[in-house]
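Everything in the sequence shown is counted per full-length UniProt numbering, starting at 1 for the first residue and increasing by one.
Just so you know, the hints here were simulated from the structure itself, not pulled from any lab data. Just so you know, these numbers come straight off a predicted model, no measurement behind them. Misleading hints may appear alongside valid ones.
FRET-style restraints, in silico, Cβ to Cβ [to be verified]: (1) Phe-139 - Tyr-194: 42 to 48 angstroms; (2) Tyr-55 - Val-202: 44 to 50 angstroms; (3) Gln-205 - Tyr-55: 32 to 38 angstroms.
Each residue gets a CB set at the ideal place from its N, CA and C atoms; glycine is no exception.
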Amino acid sequence: MGIDFSDLIFKIIFPELLRTLQMVFLTTIYATILGFILAIILIVVCKDGLKSNKYIYGVLDTLINIIRSFPFIILMVTIIPFTRFIVGTSIGEKAAVVPLTITAAPYIARIIESSLKEVDKNLIEVAKSFGASNFQIIFRIMISEGLPSIIAGITLATISILGASAVAGTVGAGGLGAIAITYGYQNFDETIMYGTVCVIIVLVQIIQSLGGFLYNKLK
């Protein structure tokens, strides 16, 4: 039995699209904030940092590597008690934001750390010679110079978050992933399956185009 096109769009795909957008948007915001904080600490305490501390760097570096080594689906199941403690439930789009953020934040931290490390060291030395504080060096020199690269990295991270949100949808988070598993895999409905894939492709193109636009404006 076929599904009317308008029903496909407005009753099935559109509501889950909104849930996916909510997951991706909130996760990107939270993960970027956490990743930014982690990256600043890493760049300050690294070997050639402004306040080098190999112990703090070693702990954070190891923690980030451990979290990044977890496949997302395993991490999502592992931290169910923590997710339930934070949002009061382990299912739905709000619950999915917790493991998505924990997964994405270390990745974004590495992106920002790498971008800041690429800043010309001579600029930093000149800033020091003029008496700039560490705060000024970080925010007026390093972040300002590394911002285009950071934007490009966050764009890639957002696309990865979109993919992970689809995975989360297969285990109770809702969104486009839930449509794919429910209608495409369990009911073998190719129309909905391919419709969902097309929507995800369009989302990726929009995210990439927006990221490219911001990169070119800041470059």
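Hints, verified against the model:
For Phe-139 and Tyr-194, the hinted distance range of 42 to 48 angstroms is satisfied, since their beta carbons lie about 47 angstroms from each other. Separated by about 47 angstroms at the C-beta atoms, Tyr-55 and Val-202 satisfy the suggested range of 44 to 50 angstroms. Separation of Gln-205 from Tyr-55 is about 44 angstroms and departs from the stated range, judged on CB atoms against 32 to 38 angstroms.
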